[in-house]
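Chains as they are written, first to last, in my numbering: chain A, 1 to 266; chain B, 267 to 565.
Some hints could be false.
[What the hints assert, rightly or not] Computed footprint of chain A on chain B, listed as stretches where at least three residues anywhere in the stretch have a Cβ under 8 Å from a Cβ of chain A:
(1) 318-332
(2) 371-380
(3) 538-546
Derived from the structure by calculation, the hints contain no laboratory data.
Just so you know, even glycine gets a beta-carbon here, dropped at the ideal spot from N, CA and C.
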Amino acid sequence: MTSSVEPAGERGLGRLERRAMTGVLVREIVNFSSYWRSATFSSTVEPTIYLLAFGFGFGSLVSKVGGYSYVQFVGTGTVATAVLFSSAFPAMFGTFIKYKFQRTYDAVLAAPVDTEELVTAEALWVATRAGVYGCVPMLVAIAFGLNPSWGMLTVPFIGLLAGFGWACFGIAIAGFASSIENFSYVISAVLTPLFLVAGTFFPLNRLPEWAQVLGNINPLHHCVELVRHAAFGFDAWDPVRVGVLIVFALLTWRVAIYAMTRKLID
Amino acid sequence: MTNDLAIRLRAVVKRYGAITAVNGLDLDVPQGTCVGLLGPNGAGKSTTMRLLTAQAIADEGELEVLGFQLPGESKAARAQCGVVPQLDNLDVTLTVEQNLLVFAHLYRLGRAERPAAIERALQMANLLDRRSTRVDKLSGGMRRRLLIARALVHGPRLVLLDEPTVGLDPQVRQELWALIDALRAEGTTILMSTHYIEEAQRLADTVLIMSHGVAVAAGPPAELVAEHAGREAVEVYGPPAKLAEVEAAAGAFGLRTRRTGTSISVLGVEAADGRAPDGERRPTNLEDVFVLLTGEAIE
Chain A
1 MTSSVEPAGE
11 RGLGRLERRA
21 MTGVLVREIV
31 NFSSYWRSAT
41 FSSTVEPTIY
51 LLAFGFGFGS
61 LVSKVGGYSY
71 VQFVGTGTVA
81 TAVLFSSAFP
91 AMFGTFIKYK
101 FQRTYDAVLA
111 APVDTEELVT
121 AEALWVATRA
131 GVYGCVPMLV
141 AIAFGLNPSW
151 GMLTVPFIGL
161 LAGFGWACFG
171 IAIAGFASSI
181 ENFSYVISAV
191 LTPLFLVAGT
201 FFPLNRLPEW
211 AQVLGNINPL
221 HHCVELVRHA
231 AFGFDAWDPV
241 RVGVLIVFAL
251 LTWRVAIYAM
261 TRKLID
Chain B
267 MTNDLAIRLR
277 AVVKRYGAIT
287 AVNGLDLDVP
297 QGTCVGLLGP
307 NGAGKSTTMR
317 LLTAQAIADE
327 GELEVLGFQL
337 PGESKAARAQ
347 CGVVPQLDNL
357 DVTLTVEQNL
367 LVFAHLYRLG
377 RAERPAAIER
387 ALQMANLLDR
397 RSTRVDKLSG
407 GMRRRLLIAR
417 ALVHGPRLVL
427 LDEPTVGLDP
437 QVRQELWALI
447 DALRAEGTTI
457 LMSTHYIEEA
467 QRLADTVLIM
477 SHGVAVAAGP
487 PAELVAEHAG
497 REAVEVYGPP
507 AKLAEVEAAA
517 GAFGLRTRRT
527 GTSISVLGVE
537 AADGRAPDGE
547 RRPTNLEDVF
557 VLLTGEAIE
C-alpha cells in the first residue's frame, strides 16, 4: 500500500506570527518564574542606590537643578537608568548565554519559529520588564517627596518603548560578538558614556556643545527628558523625543534580526 | 507534488567556506520507516539534520520534507516534525513538566490539547513520577528521555534524532533504543543519525552510509552486508608483517579485506573455495561494510 504524504495545514505560514511569538514568550515567562528574585533585585536595587547616593550626596551640596529639587531631578532621571540596566544588559548577556551555553535557540528554531519572531518576542519580553522595573526609582522618589502626577502613568510605556530599543541593541551586540569578553568594549565605550551624557545626574545645557550634540542623539537622554516631563509637565518637543525613541527601536530591531539570523542560520 | 516520501533530498550541496560538508546528497525516507544515517564523524550527518529544519540553507539541490519545499515552506514542515538534538538544550532550572509545557506552546497546541499531550509524552518517556523534578536534578538517562519526550509532545509525523545515544552508558542506550523502537512501532517516521553501527543495525529499516558528504550505499542492513561483505569473514590475528601478507594474498585472489585494529578480516570467504586463509570464521556484519565503504584511516 502506498499512502501519500500530502502537505497538511497551511503551506507557507506568515511572518511575525502571533502563535510563534507566544511560544517564545511562554518560554521566557516560565523561565522567569525560576529567577525573578535575582532579576528584580539587580534591576531595581542598583538604580535606587544611584538615586539615594546622588540624590542625598549631591543633594546636600546642590539644592536646585533646572528648577527642580535635586532629589526630584535625579529621581526622575534614574528611571532611564533602571530601564537601561534592565534591558540592554539582560538582552546582551541572556542572548549570548542562550545561544552559546544553553543552545536554547537550536531547539526554538527547530520548532515553527523564525529568527525574526524569536528576536521580536524576546525583545518584547525584556522591554515589558524594563517598563515595570523603570518605575521603581520613581516610586522611591515619591516616598522621598516627589509629588505624584497623572503624567506619571505614561512612564511604564516610555520605559517599554525605550526598553525595546535597548533590548534590541543588546541582542544585536550579542549577535555580533564572538565571545562574551567582547561585551566589555561595548559597556565601556558605548553604554557608560551614553549613561553619563543622558542628563540623569546633571543637566546637559551647561556642557560644551559637542556633549550637547552627543546628548541629543542619545536615546537615553530622550528617555530621561520624557520621564521628567511626565512627572512635571510635557513640552512641545516631547512628540519629537517619542519619534526618536521609535526610530531607535525600529533601527535596532532590524539590526538585531540581521545579526541573529547571521549567527543562527548557516 | 505528492509522493510517499516523508523526506526527499536530491543533489543537495552545502558548503562552509572552502569546506563542502554535504556534496550532492540524495536521501529518501519513506513514511512509516526508520532510516539510519550512518557515517564517521565529519561525514555530513549533522549538517544534513540542520538542513532538514532550515537551520542551514543548502547551496544547491532540492529538499522536500513532509511534502513541503525547503527552505521556503520549512516552517510548515517544522510544525509537524520533532527534533531531538545531539546536545542537551533543556531548560535546566525548570521542571520536567514545565519543559514539556513550553514546547507544547512552541508547537502551537491549543489550550484544550495541552494537558493530554504532556501526559502522553511523560508516559512514553516513562517520566510520570518525575514530572515535578527540576531538570538539573535528573540523571543523564532521564534527561535524554525528556529530550525525546519534548520532541514528541505535539505528536509529530516525522522525528529527527541526531546521535540520540552519543556518550551514554550501555544501560541507558538500551533504554533509549526501547523508546525509539516503541515510536517506530506506532508508525512514526524516523530519521536517525548515528555513528554507532549496532544502533543502526537494531533500529533502522534502511541504512544510508555517508562519507565525505555523499551517500556511498543505501539499503536494509542485511542486504548491505550481503552485497558488500558477503556472508562470512575470516579473521586473522598476528604481527603487522603477517597481516600485510594476508592482505596482499587475499587481494590477489580478489577478496575484500578490512583491518580490525589487531587483526585483518577477509570478507566473503564462503565463495572463496579454499583460497581463504586460516583463521577465525565469523558472520559478516554492518561494521565490515561501514569500514569498507568509509575508509579505514581516521582523517
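Evaluation of the provided hints:
Only residues whose C-beta sits within less than 8 Å of a C-beta in chain A count toward coverage, and the segment 318-332 of chain B has 6 of them, enough to reach three; the restraint holds. For the segment 371-380 of chain B, the stated coverage by chain A is satisfied: 4 residues place a CB nearer than 8 Å to a CB of that chain, which reaches the threshold of 3. Judged by the Cβ-Cβ criterion of 8 Å, the segment 538-546 of chain B is not covered by chain A as claimed, because only 0 of its residues qualify and three are needed.
In summary, the one numbered hint that this structure violates is 3.
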